[in-house]
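As they're listed, the protein sequences go chains A and B.
Every letter in the first sequence is one number past the one before it in our numbering, and letter 49, counting from 1, is 49.
Numbers in our numbering are just positions in the second sequence, counted from 1, shifted up by 1000.
It is possible that some hints are incorrect.
Here are the simulated SDA-like cross-link-like pairs (lysine to any residue), alpha carbons at most 25 Å apart as the crow flies [said to hold, decoys possible]: (1) K1231/B <-> S78/A; (2) K1417/B <-> E84/A; (3) K45/A <-> E132/A; (4) K1208/B <-> T1423/B; (5) K1109/B <-> L147/A; (6) K1417/B <-> P16/A; (7) K88/A <-> K108/A; (8) K1214/B <-> E132/A; (9) K1098/B <-> K88/A; (10) K40/A <-> Y155/A; (11) K1218/B <-> M64/A; (12) K1417/B <-> A148/A; (13) K1214/B <-> G1413/B; (14) K62/A <-> K1218/B; (15) K1231/B <-> M71/A.
Listed next, with one range per pair, are the computed distances between beta-carbon atoms [unchecked claim]: (16) K1227/B <-> M71/A: 18 to 26 Å; (17) I1116/B <-> L61/A: 20 to 28 Å; (18) W1293/B <-> A135/A: 40 to 48 Å; (19) K121/A <-> S1056/B: 15 to 23 Å; (20) I1116/B <-> E80/A: 48 to 56 Å; (21) I1116/B <-> E114/A: 51 to 59 Å.
Since the hints were derived computationally from the structure, they do not count as laboratory data.
No experiment lies behind these values; they were computed from the predicted model shown.
Note that CB positions come from ideal geometry on N, CA and C, so glycine has one too.
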Amino acid sequence: MRAEDIMIPVIDFLKPDDTLKKAVILLRTTRSGEECIGSKGLPVKDDFGKLVGILSMRDVLKAMLPFYMDMLDLGDFSWEGMVEGIAKRSGERLVRDIMSKVVVAVSKDAPLMECIDHMLKHGVKRLPVIGETGAVIGMLYEHNLFLAITKEMFYED
Amino acid sequence: MIAEGSATQQIVMDKSFWAATAVFGISYSLIVSERIHKTIIAIFGAALVIAMGILSQQEAFHSEELGVDWNVIFLLISMMLIVNIMRPTGIFEYIAIKSAKIGKGEPFKILAIFAIVTAFISAFLDNVTTVLLITPVTLLIADALDVDPIPYLISCALASNIGGTATLIGDPPNIMIASKAKLDFMEFIYHLTPAIILIMAVYLLAIKLIWGKKLKTKDELKARIMKMNEKEAIKDYSMLGKSLFVLSITIIGFIAHGMLGLEPATIAMLGAGLLLLLSRKPNLHSIFSEVEWATIFFFIGLFIIIGGIVKVGLIDLASLKVLDITKGNLFAMSMIIMWFSAFASAIVDNIPYVATMNPLIIDMAHKLWPNQAGIQLLHNPQLMPIWWSLALGACLGGNGTAIGASANVVIVGMSEKMGNKITFAKFLIYGMPIMILTMIISTIYVWLRYYVFYF
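If we strip away everything but chain B, and leave its shape as in the complex, we get:
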């Protein structure tokens, strides 16, 4: 399968090779150590890459191969803007209260419905945003029912990480993969969503086994839930209508972006722009200041640091190693990437991880099929399962530990505020088995779909 002695150019280990490697190595170690905020490291590292001449500023800011991936940046900013405009309408409180009422105040039913709702919202919005919008209501409901809130918190984080995997816009790794591999929204729906629906079904069974019997309440407490009037949550009907209208158009835009020949970032910008245009006297200052600029600049810095090691040939060297280990067996490679990604993402942030893996995979593809280029290469039928394995591993791996995903960090912070901290060990007891379970399902899914039945 592998073209032996394919066109690998000689890697020159000169000064700039070692400089780029050092910036990359030191930056990533510092990010993992969490001693300095990751955004500060990324921005400083990126500046060094340019200042030391590893990349020219032109390359860092404008090169599609080596520089900042503005498709990712503008997609993230635009989606954050849309949420910032929607949040004050009260729609998220409405959905959460309504869900609890549909659950008739039954603690486990509510837990399950919240998991489904969280997964669904996460598929379209950022995971952390989803968790920040849903958990306050789940904590209120847990208080009303006088049940342990911890299962609700943990399940919210796990479900948001699972749901986020389902679509192109659900989780940053998918956004990055889609942009580099030129995959469109519908390809993610077609290839990943079925896996996530399956995983969600098994997840619901798993939480039924874990928490189903433990969560009990009294009938008079259920009445508290049924007395809540979800309509009171809606603060601005006119803005709500406009938001839902624009959100629907945006999602239709995502569905059609491949056919329209527009990048996802363009669709998201159209959505954000239209919603701003329709808002009456929008509070621009607060809408824009609530964009998570620290996260955005983290991405910008990372792209430049990675661009440096791509240019000097470190990625080239690493891809040779991976090809050497897997002997060009693509099924083995897909499985190794999936499981390695899962454990790597459970321990470190999956964003820098995927930012590194993308060019690595593209480089391997160049070596495997030296005669192909562009879309033909990126969408080589034998390469496709590797992209899906990377997405499944990197997104679902976040469930493994309390630090594996930003959503987990958020719920741990909340539990601390409640005075009942979810320790690293406590999260691990639930998160790790769920992660391994979802990885086993993903393995079977990828194996059957792409290596047995080929569809």
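For reference, chain A alone in the conformation it holds in the complex:
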């Protein structure tokens, strides 16, 4: 099997200048796969169609955490309503400032081992799959790999 065989085709993309508000609507409503609505992460493409990042749910969570809470262990001293306040102020922030910029992508012909290797070594849960033209044609999720692995365990060739 290759990446292309188990990936989920992507229909919707984000742009770096989209607001977070617009992006989360897309994250919540995009169609991924046959029945699934909503996605855990979408690729971000610039005006030339080049892949520049991924915006995932985790990135949205990270955008809530003030930088100073990263410097020391201060989670115990937060208060109810802190996240809600930051969320309300974050709607107009731009995707480019929140997305994960380091993107590991695989080509559509990549064997599954390459996909697993990238996911584990780079600590990511999804990989954009690049087609012949260099454009992103799909997303490969941890879940897709898991299903492919389990399939092998239960079915003979």
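Given chain A, work out where chain B should sit, using these hints.
Chain B only, in chain A's frame:
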């Protein structure tokens, strides 16, 4: 007062004089320009000094007069190790949260208490470390109270620079001065701490005037602070106990090092060694990798570059000039050194500045009192106020501009991350008047204490 025509040997302006002068001049200009990292410049410059034969490697590595001052290096490394071991215990978060609760959630009270706590911690730990440990909590508190965090950031940097001046181990210039002038911990406590307590009191009044009325919050937000449980900050009680025990012993060691005949670096190494020994399975890799090696090698490189210009006589030449300008009037010299140091340190890094001033002052002392040597010369009662003036000027001068001290650079970086950058001009509006105010107090202090009442 000045011994006319005292024993100044002829300075030979040969090839190595110009080579050492060029390495020094170019290195310092590059450090000021900030185009290349200062550590890279210092290490490369030092290597050139040795490679060109200005200093032999033996002199650069082992000479007390011309080479690396290992007393400074080991003191810095050991104190960094102690902090690296203490940090994960949560003690600093605990102190900061507790301070905010003592302030009952009143924004200005908290600002003032944080200033005092920061100054106090800075007196014993590196300023940048203190700022990195305290500001995250102050920013959290400012968010909780929904007040402007900028005053908290600026005050934290200013207070850390003031507090660092109080002791031998508080700020690198003091460590360097103490090592070269053979001054002990208690002499710094006796001569500088009273000045800093006075300056801190005036500083608190100043911030009351600047920010006292502007910082306001609602009562329901104060409740957020009072709900915080500072005990949750402590992650490792056993390690905390050991850390506090070793830190106390180390400070007692500093207090007694003069009497014990041990250098401060020895005391700090004993402290770091004991704390490592007491830690159960210490993560040595992270404790040692968090030592700021770039800063340490910056010092090492600088010492060698300065050793070069001392050996070839450039410092000798400069000290003749200063003596010429001041006509041997020591009060004038002390005042000129204090104010010049302040403005110099506001513009450039005070570490290379003090590294250059130390041998310069010692050279002047040789010319002023040619018949004295060793401790008798370094601790000449007329020379002592000059050391204190240098320390006060070089440390407090850091408050003048956003680039004057590393602590300032750190808080400017943080404000940038918050998306509300403290510009150079904005820092100057607060920093420069505070610097001048603290210099005026220092001037009066030095004048009254050493030139009017002589105690």
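| task | Take a quick look at whether K1231/B and S78/A sit within 25 Å of each other, Cα to Cα. | result | holds (14 Å)
| request: Would you check the hint for K1098/B and K88/A, treating anything up to 25 Å between C-alpha atoms as holding? | output: Given that 25 Å is the threshold and the Cα spacing comes to 30 Å, the pair is violated.
| Distance restraint between K1109/B and L147/A, which requires alpha-carbon spacing of 25 Å or less | Not satisfied, since the Cα-Cα distance of roughly 59 Å exceeds 25 Å.
| query | Is the Cα-Cα distance between K1417/B and E84/A 25 Å or less? | reply | holds (21 Å)
| Satisfaction of hint between E132/A and K1214/B, Cα-Cα up to 25 Å | violated (61 Å)
| said: With the threshold set at 25 Å, check whether the alpha-carbon distance from K45/A to E132/A stays at or below it. | reply: holds (16 Å)
| field | Satisfaction of hint between T1423/B and K1208/B, Cα-Cα up to 25 Å | value | Distance of about 22 Å is within 25 Å: holds.
| Taking 51 to 59 Å as the hint, is the beta-carbon distance of I1116/B and E114/A inside that range? | Between I1116/B and E114/A, where Cβ atoms are some 58 Å apart, the hint holds.
| query | Taking 20 to 28 Å as the hint, is the beta-carbon distance of I1116/B and L61/A inside that range? | reply | violated (37 Å)
| query | For the pair K1227/B and M71/A, does the Cβ-Cβ distance stay inside 18 to 26 Å? | reply | holds (22 Å)
| request: Decide if the proposed pair is consistent with the structure: K88/A and K108/A, CA atoms, cutoff 25 Å inclusive. | output: Cα-Cα ~39 Å, so violated.
| Would you say the C-beta atoms of W1293/B and A135/A sit inside 40 to 48 Å of each other? | holds (45 Å)
In summary, the numbered hints that this structure violates are 5, 7, 8, 9, 10, 12, 14, 17, 19 and 20.
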